[in-house]
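S.K.: This is what each chain is made of:
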Amino acid sequence: MIYLDNSATTKPHPDVLHSFQQVSTSFYANPSSIHPLGGEAEQLLLTAKKQAAKILRVLPEEIIFTASGTEGNNLAIKGVALEHQKRGKHIITTIIEHPSVYNTCLALEKLGFEITYIPVNQDGIVSPEMIEQAIRDDTILISVMHVNNEIGSIQPVQEIGERLRKYPKVIFHVDDVQGFGKVPLNIKESHIDLYTISAHKIHGLKGNGILYKQSRVSLFPLFHGGEQGEGFRAGTENVAGAVSMTKAMRLIKEKEKEKNRYLFQLHQLLRQELEKIEGVFINTPKNAAPHIMNFSLPGLKPEVLIHALASEEIYISTKSACSSKQSDYSRIVAACGKDDENATSALRVSLSYEQTKEEIDTFIHTMKRIITKLRGIMG
Amino acid sequence: MLMEFEFDHILIRYGELALKGKNQKHFLNKLQQNIQHKLKGFPNIKIKRTRGRMFIMLHGQDPQPIIDKCKNIFGIHSLSLAIKVSNELEQIKQAGLFALENSIQAKTFKVAVRRVDKTFPTGSQEMNQLLGAYLLKHTSGFKVDVHQPDVEINVEIRVDATYITSDVIKGAGGLPVGTSGKSLLLLSGGIDSPVAGYLMMKRGVEIEAIHFHSPPFTSDRAKQKVIDLAEKLTAFGHRLKIHVVPFTTLQQKIFQEIPESYAMTVMRRMMFRISEAVCENHQILSLTTGESLGQVASQTMESMHTINEVTNYPILRPLVAMDKQDIIKISKQIDTYDISIRPYEDCCTIFVPKAPKTKPKREKVNQFEADFAFEPFIEEAVQKIQKIVVSDEQSEDKRFDDLF
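Respectively, the protein sequence lines represent chains R and F.
Residue numbering for the first sequence follows the working numbering, starting at 1 and increasing by one per position.
Residue numbering for the second sequence follows the working numbering, starting at 380 and increasing by one per position.
Be a bit skeptical, because a hint or two may be false.
[Said to hold, decoys possible] The calculated lysine-lysine pairs, modelled on BS3-like cross-linking and capped at a C-alpha distance of 25 Å, are:
(1) R/Lys188 x F/Lys419
(2) R/Lys54 x F/Lys419
(3) F/Lys711 x R/Lys54
(4) F/Lys777 x R/Lys50
Keep in mind the hints are simulated off the structure, nothing from the lab.
Only chain R is shown next, with the shape it has when bound in the complex (with noise of 0.2 Å):
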């Protein structure tokens, strides 16, 4: 089997199973009960704040732990509209973001705020330039993700933060759920005030992911209740999730310092390989992140392509698994000034540190002897 799709999401490591496991196992009360068992609950979760603070390079107190990447960027946008709704109503995003921002952002529109939807370029980058010139008097919030989950392109988040530091009302959001572990990025040195992850696209589970919150940023939470989550985020804590997650972070960022070259190189085989394929139009930019190819088969329907891999164990997917169930066309490809025929055609194969070049090997040529064939039945 070779698994394609790590940017679906990522088959769990054994380590962070175990964690999960254990902790499960030895520390299930309550973190809030006054009993020692609570107590012991309670230091084992702000012992995984502070690592994964640590790791993050922020404060401990800066970090809530959410049950999900969509529910970082729910939380982190309406709880920014909702709590400085009266400083404005202005929200300033890009065209390329993942639907649990762009989804977020067209729903608040409903609710009277204005959104700005700035477009990417050909490479599918958005302009710092473009952003600044946006603000009004009543912006209250930028959110600009960092890797692109469909094509993998990098937006410059840190010169975007760097010129925001002229407009310190406005809140500063990164989606970064594609990006850590593989693309690097200093919260601090970039001037975010809300920073999204996931566990389960770095090999943690689902159900886990963090949300950093600037310790001065103040937001309305989505849930009320208890005063878990630093306030912001009631409900009983997962500590297994926590602590599991934090493990997974730990572990793929090793991961990253160690073979970040290597799943580049990786990349470049795969670019170049798809490259000498008749009829293959590459939409990753070069100086991506190194673990997404998106690529179109103009004429070929991609969910053919797709069952026709799976027959053979090889798992790719078509743009983002979070909007693939509604049609084969790509919003993001799209924006990036690419016809319908490649809007519609765009396919994805996403990459862990743990691929070989044998499987990339298998993987081209397999689709070279697939896509002959549907030539041949469809042409």
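Got chain R sorted already, so can you dock chain F onto it with the hints?
M.R.: Same frame as chain R, but now just chain F:
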């Protein structure tokens, strides 16, 4: 020709220290040590001292995290990011422009040139005008305001080079921790005592803490709370030793032997007796408390008079004249508030008598204590003190190591 500039060092001003005459060297050494300690995580930087100034040479390091750390170091009056250029007019102009453009939220500015190197051809007055005009011409939206500018572009033309600074960032003030002796802080877990400790540290005092622990009436989490508070205080110092006194037996005895209305007064007296013994054993010359006059029954003038009787060690009460709201404000600033309000019982909240005496009398309390042989209990408590050391270097909980 356009030149590339970056802030290459941070200028540190230490105001009050400059006045300290003979001790100055000691104070400066301590300040440099404290800065060095807090910036251990930045191996590239270097701290330099020349007459009357201290610099942090950045060597490419991002200044922001360093400034954030320095803001918590007592003895630093203010900080400025600075650029060093050669004594050439064109260089000075462009570096001035860089400094102005990088000053945050400034709309008005003023130029202040000091020409220390008299061989530099242009005089300071003329330089002021020259540079001011250049900056106005090459920027938009800035105005000159010589009386209340948002930012002052300071240019110092020295013999070796010209130094240009802009924004003045306020430091923590005070004196370097460790230059004013040591005090024993009575740390209960409430809002006040950490603030009291912080204020003494600001005055250059090194702190050790004492905490009275009464299991099972007070839980391990109450103790943890005190450890967490102490850890927060290390942000302004380095290490902090906590003396945890087993207080259960003595506390129970007090409430058996002493009439209820006086039990609290006697309990406070016992705490001071134990604290004094700890001071003696560890060469500490004073006690610090978070008492604020009139806040609760034990903090009336009469109570202080009666409780204070048992020790002739100085009791420092930096909060004595402060309002609760102001104390809370500081506790939020120093990040101890959220810990302090964790709802666990401490030794001062259990056994609270229904009607504690707000005006206890010395002769009364002495009468009650005369019939109560408490000395052996005090001795035992002092003997069984548990010492915990916390430091500002991240102390991970080793218990959970294999889970991460």
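S.K.: For this structure, which hints from the list above don't hold up?
M.R.: none
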